[in-house]
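Colleague: If you want the building blocks of each chain, they are given just below.
Protein chains: 2
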Amino acid sequence: MFSLHPQLEKDTFPVAELTLSRLLLMNNKNFPWLILVPRKQNLKEIIDLRTDDRTILMEEICLASEQLRALFKPDKINVASLGNLVPQLHIHVIARYLTDSAWPAPVWGTPCEPYDEVVRDAILAKLKIRLRF
Amino acid sequence: MFSLHPQLEKDTFPVAELTLSRLLLMNNKNFPWLILVPRKQNLKEIIDLRTDDRTILMEEICLASEQLRALFKPDKINVASLGNLVPQLHIHVIARYLTDSAWPAPVWGTPCEPYDEVVRDAILAKLKIRLRF
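Top line first, the protein sequences correspond to chains A and B.
Once you know that position 37 of the first sequence is 37 in the numbering used here, the rest is easy, because the numbers rise by one and skip nothing.
Once you know that position 40 of the second sequence is 40 in the numbering used here, the rest is easy, because the numbers rise by one and skip nothing.
Hint data in this document are derived by calculation from the structure and do not stem from the laboratory.
Treat the hints with care, as some may be off.
Intra- or inter-copy, both count: the list cannot distinguish identical chains.
[Unchecked claim] Distance condition first, Cα-Cα at most 20 Å in a straight line; then the derived EDC-like pairs of lysine to aspartate or glutamate: (1) K44 - D100; (2) K76 - D48; (3) K128 - D100; (4) K128 - D52; (5) K128 - E59.
Small disclaimer: the values here were computed from a predicted structure and weren't measured.
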């Protein structure tokens with residue numbers, strides 16, 4: 001019985017259900033920002049996953065990274081599992097630019113500006129088409 | 001021909017050569033902090049790795065996490081591939097505590113205090129014994 005942490009529910013839009021993880025789009029127009037949440041109970045760390053699920057998670061991190069690279073042509077991709085504030089295991093995959101508002105610092109703790117609906121829907125549609133969802 | 005980025009060379013101590021990556025200890029006594037650097041040329045992103053190397057990298061991230069958990073009993077483990085400042089692909093694996101100086105923020109950009117030699121040597125020795133190096 002998987003349920004998404006309320007904070008992730010509040011901050012994101014669903015994109016796709018991958019083999020292991022739910023793929024989410026962070027509602028922050030400052031950075032193209034995906035989040036992967038493995039659909040298993042009581043996961044806090046990557047090492048809480050079984051070995052085969054760890055391999056699938058790496059594949060899904062790379063799938064998310066490839067979508068960001070193809071759609072947004074970033075200068076750098078940041079990948080991170082932190083969970084200091086939201087304890088449910090989730091992995092950030094973020095497109096970064098030399099010109100973005102936080103560069104070269106990490107994005108966590110920087111201001112969050114929600115998407116305009118039209119822009120958000122266009123991004124979600126493109127991601128779903130690419131992922132065949 | 002692999003060579004470690006000069007900034008990583010300056011900031012870390014070598015721990016072990018794993019199958020794919022060089023394992024390093026960050027010279028910062030504020031956080032037990034390991035770094036994995038895959039020994040391949042011209043890697044910037046995790047998705048620059050071949051599929052089989054991605055799987056090995058995930059195993060090595062978990063190996064590093066397990067060492068930190070066993071030796072330091074952290075409240076949380078932070079895992080991240082950022083590379084905004086140092087372009088050579090490297091993965092941070094960091095032991096975090098509810099009581100550490102940066103909690104709950106990420107550690108990047110916080111003050112770096114070098115280890116006392118005796119403490120550093122004890123940590124390196126424990127890691128090498130656990131990893132059979």
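Colleague: It remains to establish, for every hint, whether it holds in the given structure.
Modeller: Hints versus structure:
1. K44 - D100: For K44 and D100, only the inter-copy Cα distance (19 Å) is at most 20 Å; the intra-copy one is 30 Å.
2. K76 - D48: between (28 Å within a copy, 12 Å between copies)
3. K128 - D100: neither (25 Å within a copy, 40 Å between copies)
4. K128 - D52: For K128 and D52, the Cα distance exceeds 20 Å both inside one copy (26 Å) and across copies (27 Å).
5. K128 - E59: within (17 Å within a copy, 30 Å between copies)
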